[in-house]
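> These protein sequence lines map, in sequence, to chains E and S. The opening position of the first sequence corresponds to residue 802 in my numbering, with each subsequent residue numbered one higher. The opening position of the second sequence corresponds to residue 367 in my numbering, with each subsequent residue numbered one higher.
If we take Cβ atoms under 7 Å as the criterion, some of the chain S residues that face chain E in the derived model are: (1) His-603; (2) Gly-711; (3) Asn-723.
In case anyone wonders, no lab produced these hints; they're calculated from the structure. Note that the Cβ used here is the ideal one computed from N, Cα and C, for glycine as well.
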Amino acid sequence: MGDQPTPAQTPPTDEEREGLLAELSESLGEILVDSHLRPHEDLWLRVKAQNWQDAARTAKAAGFTYFGFLSAIDWLIAPEGRYEDTEFDSGLVEEDEEPVELDASTGYGGGDTRFQLLMQLYSLDRQLGLLLKADLGEDMTVDTLRDLFPGADWHEREAHEMFGITFRGHPTLQPLYLPTDFEGHPLRKDFPLLARQVKPWPGVVDIENIPEHLEAQLEAEVMAAFEAEEGEA
Amino acid sequence: MTATSDREQMAYVDAQAADARVNVELDTGDMTLNIGPQHPATHGTLRIACRLDGEQVIVAEPIMGYMHRGYEKLCEVRTYPQCTTLINRIDWLGSFANEVPFILAAERLMEVEAPPRAQWIRTILFELSRIANLSLFLGDMGVQIGALTPVFFAFRDRERVLNQIEEVTGGRFHPNFNRIGGLKDDIPKGWVDETRSVMVKMRTFCDEMEDLLVGNEIFQARCRGVGVIPADVALGHGLSGANLRASGIDWDLRRDANPGLAWDQIDWRVWTHPDGDSFARYWVRLQETREATRIVDQLLDGIPSGPIMAKVPRIIKVPAGEAYISTENPLGEMGYYIVSKGDLGPFRVKIRTPSFNNISVVPWVMKGVYVPDVITILGSLYFILGDIDR
Chain E
802 MGDQPTPAQT PPTDEEREGL LAELSESLGE ILVDSHLRPH EDLWLRVKAQ NWQDAARTAK
862 AAGFTYFGFL SAIDWLIAPE GRYEDTEFDS GLVEEDEEPV ELDASTGYGG GDTRFQLLMQ
922 LYSLDRQLGL LLKADLGEDM TVDTLRDLFP GADWHEREAH EMFGITFRGH PTLQPLYLPT
982 DFEGHPLRKD FPLLARQVKP WPGVVDIENI PEHLEAQLEA EVMAAFEAEE GEA
Chain S
367 MTATSDREQM AYVDAQAADA RVNVELDTGD MTLNIGPQHP ATHGTLRIAC RLDGEQVIVA
427 EPIMGYMHRG YEKLCEVRTY PQCTTLINRI DWLGSFANEV PFILAAERLM EVEAPPRAQW
487 IRTILFELSR IANLSLFLGD MGVQIGALTP VFFAFRDRER VLNQIEEVTG GRFHPNFNRI
547 GGLKDDIPKG WVDETRSVMV KMRTFCDEME DLLVGNEIFQ ARCRGVGVIP ADVALGHGLS
607 GANLRASGID WDLRRDANPG LAWDQIDWRV WTHPDGDSFA RYWVRLQETR EATRIVDQLL
667 DGIPSGPIMA KVPRIIKVPA GEAYISTENP LGEMGYYIVS KGDLGPFRVK IRTPSFNNIS
727 VVPWVMKGVY VPDVITILGS LYFILGDIDR
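In isolation and in its complexed conformation, chain E is listed as follows (with noise of 0.2 Å):
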């Protein structure tokens, strides 16, 4: 809020988060399949999953020191949409409006597979952040970064239990949320919201309606109140 306004005519420029892009995509060299950058936003490095922890590694040496976190994005179109077909959200619709088709299109920086790994990391000199990601493959396998990053122990166990991810060399990728009996990986786009099956979403308020008897009353009671302001004033 405080900088000057950029004319809108010419694109924002953002030297700062060009020069890191640069310097890193000459020191990741062929490990960095596809960058985006937002400038004055993000900056979006795709990697490859068979090279994570040298690309993290790669980002440490950088300066990326701080560890934001570690997750996993399921670019599957729901087969069940939103589950969307309810009263409510039918008047979300403008009539003349085709519903969204969702595209399957699969983010800045791009994606060949369904799943893909996201990390964010901090540099606290360049006071930048960085988002990096990873295609992963049918095997769903990729190395741990627990040695570089030791907080990303438990984002791992979480990716690992709610997409099914296997990280190579972590000791303990047991369960940390759900219970361990629990069959299935809840964040996949296929895995069913059950509590939306089993019971429709009502998407408005169900309170029950006044009782006919009183509503002439409290009509009246509301009426009475509201004149007696517009008097005041």
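Go by the hints and put chain S onto chain E.
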């Protein structure tokens, strides 16, 4: 014991274990002690499974999931405005602050910006929820280690702040007041002056806490040098908020990565402490609460006039894209990674909560401490269970 590195700490534990082996009479054998899930120090239902050797903890493993509500999954089947109701309930002591990064991320994707007045009121309410949240910690930390009085003071004075939040938003705990593009309502008449007098009271409260606890000999004996977290460990584990600043790292998202709120318009400072122990964490939070009252005072002086909502369509559709925005919440860095595909609701929301990372340091920091210190460390790390489990 103030070991500084992992290796030193392990060496210390090893030495203790070796001593115990040599002296057979003193061999106590291992014992498992469960702290929680129903222990007041766990602020909800967190269980710490401790493996003890005598009075010392060999391994401490937090076990959570008792309150896992699956918010990331639930957000995928809701529209954007419906999501804020859920995420209010993540850190229930500073609810207003929870909504802000989510709304900001959605606004960034939609390329709308809330009008200045909305940004200022947002910042004020953000800081008020910080004061409400942290003031409870300031009293609660006393209770954890046996001083009962401070917590009553804390509940009494926190209520004043909650009243102010309620007066604007209508909710004490779950305001659900942010809208994409601004705020639901303007502040009521006379609220500014009332808030100013509350801030004076909160400063008095901070002074009381300083007298009661910080200057207290017993408090210092229980907290100084207990649960030392060095800076590199804090960074590696992704600690945030006062826990990070108490390890001597000068990093505050309000100053270093301001997502557009009014913090850069006023004069304030970030407090750090070099020690990294439980006392430092308490001290930093105390200073932060004080600083927050000053921030609110300054913001109240300069609320710009104008509308409180930007022009947004009635039905909110967020264009395709990805955005990660995090803010410096009372507990630390809270961020939302939103993936949108142009629909009414988000495609994926990753919620990065501060307590999750803050508690992940527990196995490291509790190696070799004594049982009473477990409670001190847990109290000083300060977490909300909803914030861990989501």
